[in-house]
Structure formats: structure tokens, C-alpha cells
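Residue numbers (our numbering), protein chains in the order written: chain V, 1 to 489; chain L, 490 to 659; chain Z, 660 to 761; chain Y, 762 to 1069.
It should be emphasised that the hints constitute simulated quantities derived from the structure, not laboratory data.
Cβ atoms here follow ideal geometry from the backbone N, Cα and C, with glycine treated the same way.
Treat the hints loosely; a few may be bogus.
Stated by the list, open to error - Distance windows between CB atoms, simulated:
id, chain 1, residue 1, chain 2, residue 2, range
1, V, A286, L, A607, 39 to 45 Å
2, L, L502, Y, F1053, 26 to 32 Å
3, Y, I1046, V, I411, 43 to 49 Å
4, V, L208, L, S645, 55 to 61 Å
5, Y, F807, L, L627, 53 to 59 Å
6, V, G154, Z, S718, 26 to 32 Å
7, V, D406, Y, G910, 46 to 52 Å
8, Y, R1038, L, L568, 20 to 26 Å
Unchecked claim - 25 Å max Cα-Cα, derived PhoX-like pairs, lysine-lysine:
id, chain 1, residue 1, chain 2, residue 2
9, Y, K818, Y, K804
10, V, K192, V, K104
11, V, K192, V, K484
12, V, K29, V, K105
13, V, K29, V, K104
14, Y, K808, Y, K878
15, L, K518, Y, K818
16, L, K518, Y, K878
17, V, K25, V, K105
18, V, K433, Z, K755
19, L, K656, Z, K755
20, Z, K755, L, K518
Stated by the list, open to error - Here are some of the chain L residues that sit facing chain Y, going by a computed Cβ distance under 10 Å:
id, residue
21, I525
22, Y545
23, A547
24, A587
25, P621
26, V622
The residues making up each chain are set out below.
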Amino acid sequence: MYMQILQILLVPLVFVFIAYYVGSKWGSKAGYLSFASLAYSTLLTLLLAWQGGGQEFYDWRPIGLFGLNADGLSIPILFTIALLSTLISLYSIPYMTHIIGDQKKQFGLYYALLLLYSVGMMGAVLATNLIEFYLFFELMLIPSYFLIARWGYGDRDRISFMYFMWTHIGALAFLAGILSVGYLSGTFDLVKIVTTMIPPNLRMWITLLMVAGLLVKMAAFGLHIWLPYAHAEAPTPVSALLSPAMIGIGGYAIVRIVMTILPTAFVEISTALAIWAVITMFYGGAMALVQDDVKRLLAYSSISQMGYILLGISSFQVLGVSGSMFQYVSHGLGKGILFMMAGTIIMQAHGLRSIGRMGGLASRMPITTTAAILGVLTIMGIPPTAGFISEFLIFAGSFNQAFALDSMLRISISALAVISTALTAGYSLWAVKRIFFGPLPAELSNVTEAPWTVTGPLLVLGITSLIIGIYPDIVERLLLPAVKLILGA
Amino acid sequence: MQIVIPPDLVFVLLAAVTLIAAVLALQAKELIYGAIALGISFIGIAGFFVFLDAPYLAMLQIAVYVGAVVVLILFTIMLVRREQSDELLDRPEGGQGAVGLWLAGLLAVAIAGVAALAGPNLPAAPPAGNLPVSSLGLVLAAEYPIPLVILALLISAALLGALVLAKVEK
Amino acid sequence: MVSLTSYLIVSAALLGIGIYGLSVKRNAIRILFAVEIIVNAANLNFAAFTRYLNPPLVSGQVIVFYSIAAAAMEAAVGLALILIAFRLNSSIDVRKLNKLKG
Amino acid sequence: MTLVTAFLTWYERKIIARIQLRIGPLYAGGPGGILQPIADGVKLIFKEVMIPYKADKPLFLAIPLALVVMAALPFAVIPFGQNWVITNLDVGLVFVFAMISLFPMMILIFAWASNSKYPFLGGLRSLFQQVAYEIPMWISALSIVMLAGSLSLVDIVNAQARIWFIIPAFLSFIVFFISIMAELERLPFDLPTAEPELVAGWFTESSGAIFMLQFLALYMKMYLMSSLVTVLFLGGWWGPAFLPQPVWFMIKTLIVATFIIIPRAVFARIRVDMLIRIGWTRLLIVALANVFLTVLLITSGLTTTLGI
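Start from the sequences and build out the full structure, keeping to the hints where you can.
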């Protein structure tokens, strides 16, 4: 197909303008347009996966080549983002009607930003050029800032500004790393950069700059301050893209960029990263346990899940790294379900967010409950959902590396990481119990099940998680060769 | 005249019996009928084992599941029979019924879907040749002796545990 | 001939029935039924796979053998627990087994 | 099969009458009382079937039939002669045991279904007893399987062409015999149907055709057990060639049946606790010891000299 990979980005980009125009005229109908364009991208991604990937390069004179690389590593990530944004544009139709009301003009703006945001994320995943990557990285930051600032909850101006500043400073650190790499090696094309071009005494500094920038995006412990606020106060469809899709791109970029061009320096900091990962896991899990706001709970849970991804990456080993990328997929599916579930409750129960005041909702919204249970199982890593495979791979990789290095420290880190899954199970199961079971409070007695535009996406995500969990080979077949290539194993 | 029964028909019948009995086991109003249906479902599984060239497993299935597990269950049911509100007890609470149905349905559909997807890659017919019964014993003794011992210990432990649990304090 | 897929589908259906029972029923004995059904679904899968994919080896049958033995113990211990719960609580409704709750 | 059963009831009456010097059964009905079982059958078929109040009707009617089927099925794998077997199953012995293990369940369900106190108590006793004695039975049969190296009944009999297994596995024979006495609920182990305590045990409430079916099933089971003993210990169809193989088999089975019947006239019933204790603490241990003995026998090479 002609310019197949470019179409994945270009079609939604064209629809940005169409959706803006249509939305201003006919309001929420623009959601179906956005859905259609993103669904087209999703189908193209599936087609790519079927073909086993591909690459396209376009001339981009002063900087190098504008390449789009859909290999085994990027296709699963790309698919997750595409699927999530497709479903979320459908989900936004009732949800944004609930927020916006009947001011038709705003729908156009909302969908234009949403499409732009998705294009930014997908582009960042496909990028082959450092500058190209940075541009897409910024492209996903700016629309999301406006989305939060415009339609968020609570103290949205302050929170969106905080979100913008934190991630932007991270991005700047990353930019500094990129520019030094480009200056030292004379090119920004990933394939052309070789470690030897960079002087040994600078390698560590560049690695630290880049990893720090990406860790802000991933909200590792200490750099996570923005995340609970941003995720909790963003409009829920945006949270459902922020949390499962966007922050994980930090992890993806570590594998794609840092590990590819600076492997030796990365190995040196990997033990520190592993410790950091475990701290993040415990911190996120413990904080999630005590939250009462359902969206804040999910936000802290995301922090903890990013710890898993970081742990897998820091194992620097085929199983662990591919497990991390798998975890991106399964976390995307699971957390996507859970954020959409939270949004459904907020929508159907008129803004109710406190878990303490919920209960017994299973009798009112059975489909949402089913999807939520599947989501929770995915997050906890219980077979037969996708989460089991990814967490298993991460831990297997981590332990393998620990035994290969014969390092007591690493073994204990891995063991601690396994223990921290108990926290995950604790907060997620407890939350499900408090939200969906037990007695139904009187003020919730007239809550009803959400329309199909909400339940449909939930079920699609749940089934995808189940299918990948039962038949992980469809993802692993793509991931393993690509990860092996990067690690040179 | 010899009547040749197509294996597919037998399979479909067995599957129908097994599945319907399994549903009945959970849905029958009287717990005793549920236990009997469970026994029938187990016998259906034993039929599948015969089909799969595992006659020893089939017999074991009948002897252990039907002959022991179902008997134990019946026995327990009879001991706790004072509770007559069986139907009331089994009416699902709130929306649990719907959630359970959705969950189970999704799971089954997903697995069956994957099985059907992978269908072309899976063999349509079993490879020729029989699996002799003695091969089970050989594999058991030659390759898995330690699990066998552990299993024996586990059984003893479970037996003692059950005894201690069920003992009436005097 | 019957294909492996049909066995897998039967087993998936059994698993679904079991999961349904597990998530819906409140009677402890019924829950035990559901567990047994799920175990049987797994056994069926093992036996089918070992027959279709790996004919000279019967490792799958060995696993089913262990599983059946374990199921007997599980039933014995489970029923003993149910009995003791009934004796202490005079109910086998799992909802009412909350005496440990502070 | 029905004929065999009828014959067995007649045979039992005769033996017991001889032993206890009872006048009635010795002289009643036709030549030697041979018509008595037929008269019994006709009477029972035409009698009204009484279904107790609030009994579980479908189960009450279905279980007796199922009992007969369960008792009849194992005969498919019992070899009456070299080629006199319906199917030579690879796992014949396990099949027989599996079918036997279904009995307590059926009896318990029937006892429950008749919704009456005595049958229920009888059914529970039957359950205890049969489950307790099943285990020594399986384990004592294990040594036979070890000696023959097969689970197929035909192979087991073939392995006894030169020497009957009762000689190398005498301990096993004793355990097995006591166990099947208990399994069959014959005296002195007939607690589930003890008349002075439980009226008629678990078939108190059955009448007419139902009773007949149960009776049929029980006697078929007795015949089954006798033939099982013959197959496992007494060399099955083997015997001097002047009689055809099935006849030898019948003769041996009848002798075993005689020994199963005689205790009814001789012994008193034992207590429940004694029964359970014998099963779990004595027989089980003896059976296990016997397994080790057999292992010794095989590893010492004694069995090869005996020609097994």
C-alpha cells in the first residue's frame, strides 16, 4: 500500500481540521469522524503487524531522513496507542457531552486536540530520527496541556501548568541529550549513530540527561509529583490516554533510543535504576492503597506500574526488556479499562469520585463491572489476562539477570519486586470490592448502565487483554526479535 | 448390518451431556441434584478421556471423582442439610448474576476464539498410533518420581488435615 | 475426525461455566462444584494436547493423574472446612462467614 | 445374568438351610425348591410399588435401575474363557473397581431419596463401610497387578497359567476376601442392613419391583466379586482340559460364592466401630505390608523360578 505507515499519521492529522470544522457545526457528531479516522489507523497497524512490519523514509533535508520505523518493537506499542485513542474518541462522545453540555463549538476543539494528541504519540513511537522524536514528543505534550487546562476538574489551571512545566523540563533535559549526541556524532538518524562517535567521558552524562528526561515522563519516584494531579484532574478520556499510553512512551524511548545508542553507559546505571524501580513500585502501591478518590488511586497505580516497566528495562536482558514492552501493552489495556470505568461512574453517578461513597454498583452496571474486573486482573497480572504474561516476563528477566550477574543486591531487588505485587493485588481488589459490591447507597439507587459507546470500548479492551493473555505469541513474536536486535544478543 | 457411529456425533453428544450437566450442577434447585449432575458431568469428561486414548485416566476419573469426590460432597450435603433455604441461598446478590455471566461468557468466548484462530495451526486429527497404558506408568516412574513422592506426602498431609478439621471437639 | 480445536472449545465452555459459578454462587458447596468443573476443564485440555501434539510422550496424562489425585485431597479438605464452618456458623453461605472480621 | 442371580438366591437358601437345619427352605417348591426364585420374581413384579410420602420420586425409581446397570457393566471385561470375553480392556481391573466405587454413591442417594430415617442411617453406614474397605481392596489387588504386570484381566489370567496367584499372594487373597465381604455387606459385615437395628437398612422403604431390582443388583455384585476373586487369585479359566474353560470358571466362581455365603450362617454381626477399625487399621496395614512383600518376591527373583 502506498505510504502505508505515513497514512497512520497523516489520516488522523487531516481529520484534525475536518473534526474541528464538523464539531463546531454539529457538536458531538465529530466523535464518530475522529473514531473513523483512528480506526483506520488501527486497522493499518494491524495490517502492518500481519505483514511483520516495515520502514519508510522521506527526505528531510537539513536534519536527515524523516523515517517511520514500524518494527517488532514499535508495532505493539503503536497498536496499543491506536486502539486506545480509537476507543476513547468513541467513549468521549457521551462523556464530553456530560462535561460540555450543548456548547457545540467546544466539541470541535476537543476532538481536534484529541486527534493531534494521538498523532503525537503515534509519531513518537514511529520516529527514527532524534529530532523527529523530539518534535512528536512535544506534539503530544501541548495538546494534552490544553485538554487538561480547558476541561479538567478542580484546580485545573494550576495543575495543567504544573504538568506542563514538569514534563517540559524533562523534555528539555532530553533535548540537551539529543543535541549533544547530534553535535558529537554529526547525525540525528538513530541507525547512523554509533556509540564510538561519542567520547567515553561524555557518554555517562548524556545517558543520565536522557534517562532523567524520560523518567520524568514515566513519573519515577521523586519525579512523579505532577502525575497524580494531572491524571486525577484531567477529563477522564484524557486521563485514559495520559496514563496508559503516554507515560509509558518514556520507557519505550529508553529502549529505543538510550539502549540503542549508549548501551554500555546504560548498563552501568542499570542497578541504580532497578533500585529506583522497586522504590517506585512500593511507593505507588502504598499510596494507591490509601486513596479515596478513584482517579487518584488509578494514578498512583500507574506510578507503580511504571516501576514494573523500569525494572524490566533495567534487567537489560531479552526477557526483561520484552516483558517491559509487553507490560506497556497490558498496562495500556488494563489501565485504559480502569480509567474509563472511573469515568463511567463519574458520568453515571453525576460526578461521584469518592470510593467511600460508592458500593453495590455491580447491580446497576454489570457490563462496566465485568470490564473493571478484567482490568483489575490485567493490572494484577492474573492469568488468563495479558498482565500475567508481561509481569512474568519482567520478573523472569530480572531474576535471570540477577543470577547471571550473581549479585545478591539484584536478587533481593527482584524478590522485593515480586513482593510488591501483593500491594497491587491489595489496592485493586479492595477498590473493586468497595466500588462494585456490598450494599448500594441510597443516593446511587437510580444509577443506570452507560450507553453502548461506553460499554463497547470497555469490552473491546477487556477481550483484547484476554486474547493477548491466552495467546501471547501474537505480541511476543513481534517483540522478541526486535529486542534481541537491540540488545545484540 | 453394522451401524457405524461417526465419532463426531459421539463427540457432540458427549460434549452436550458434559456441558448441560455442568450447568445443571450449578443451577439445579436441589443441591443433591446438583451433585448428581456434577457426577454425570465428570463421567462425560471420562468419556472424553476414553476418546483421547487415556482409558486409565478415564477409569481414575470415574473412581476418584465420581466414586470419591461426589460421594464426599453428597455426604457433606446431607450433614448440613438443615439449611433448607437452598434456593434463597443461591439467588445471586445484586448484579452479581449478570457480572458473572458476562465474565464467564467473555472468558469462554476469548478462549474459544483463540482456539479457533489458532485452529489452522493445530492438528485436525490425532497422529496415528495408540498410547499404551503402560507408557503412563513408565513416564510416571522414570521421569516424575519426585513429584510422585511429593504427591504422596501431600495426600497424607491433606488427609491428616481433613481429619483434624472435621474432628468434633469433646 | 474430531479436531483439537473442538476439545479446546468444549474445555473453554466448561471453564466459563465454572467461572460463572465461582463468581455468582454463595453456597460454599456450589463453589466447590465450580472449582471442580474448572479443574476438569484444565484436565481435558492436558489430555487433548498430549494426544494431539506429542503422541509418544504422555506427560500431559501424568499431569492429569496428579491433578485428579490433588482434586480428591482438595475435596476432602474443602469439605472438612465447610463442615467446620457449618458447625461454627450454622450456615454455609460464604457471605455469612465473616466472623473473623473485626 | 438374571438366571445366575436366581440360581444364587436358591443356592444360598439351600446352603443356609443345610447348615442351620431349617425345614422350610429345604423342602419348599418344585424339585429341590428350584422354582422358588421364579415364584419370588413373579410375586415381586406384580406387587405394588410403594413410594414413601415426600420421597424424591425420580431418584427413588431411577437408582435401582442404575444399580443393576452398574453391577452388569463390569461383566463386559470379565474373561470366562480364553476367548470368552466381551471386550479385553487394557484397564479392565480399574474399570471393575471404578464401577464398584459407584455403588456407595447410588446407595446413599437412594437412601436419601426414600426420605425415611432407617434407610438414611443404613445408607450412611453403607457409605462408611464401602469407602473404608475399598482402599484395602485396591491395595491388595495392586500386588496381583505387580505380579502379572498388566491391568487387563485377560493378561492377569494368562499370567496364572502355571501357578495361581493365591500361592504367591496369599496375604493379599485374605485381605481381598475380607474386603469384598464388607463391600458386599454380607454377614458379618451387614451393618447397613442390620435387621434388629435398622429394620432392613437402606432398602427398608423399597417394595415390589424396586426391591427386586436392588436384590438383583446385590446378587449380581456378589457374583461379580466371586468371579473377580477367581480371575485374580484362582487362575480364572485354567484347569485340566477335560472340562471346557467356562465351566472351570463357573465351578471356581461357585466355590468362592459358597465361601461368601457360609459366614452368613455361622458368624454374628460385628459392631460399627470394630468394623471401621478393622478396615482402616488392620486390613490397610496388612495390605500395605503385602505390597512390600510382593516387591521383595519380585526383586528376589522368586517369581521367575515359580514361572510367573
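Status of the given 53 to 59 Å range, CB of L627(L) versus CB of F807(Y): holds (57 Å)
Interface hint status, V622(L) versus chain Y (Cβ within 10 Å): holds (5 Å)
Distance restraint hint 43 to 49 Å, applied to the beta-carbon atoms of I1046(Y) and I411(V): About 47 Å separates the Cβ atoms of I1046(Y) and I411(V), which means 43 to 49 Å holds.
Satisfaction of the Y545(L) interface hint, Cβ to chain Y closer than 10 Å: holds (5 Å)
Proposed proximity, K105(V) with K25(V) (alpha carbon, max 25 Å): holds (7 Å)
Hint consistency between K656(L) and K755(Z) [alpha-carbon to alpha-carbon, up to 25 Å]: Since the Cα atoms of K656(L) and K755(Z) sit roughly 22 Å apart, the hinted pair holds (cutoff 25 Å).
Outcome for the supplied range 26 to 32 Å, where the beta carbon pair is G154(V) and S718(Z): About 58 Å separates the Cβ atoms of G154(V) and S718(Z), which means 26 to 32 Å is violated.
Range hint 55 to 61 Å (beta carbons of L208(V) and S645(L)) holds or violated: holds (58 Å)
Given pair status - K104(V), K192(V), alpha carbons within 25 Å: violated (49 Å)
Hinted pair K433(V) and K755(Z), Cα distance within 25 Å: holds (16 Å)
25 Å Cα cutoff - pair K755(Z), K518(L): holds (20 Å)
Satisfaction of the hinted span 46 to 52 Å by the C-beta atoms belonging to D406(V) and G910(Y): holds (49 Å)
The earlier numbered hints that this structure contradicts are 2, 6, 10, 24.
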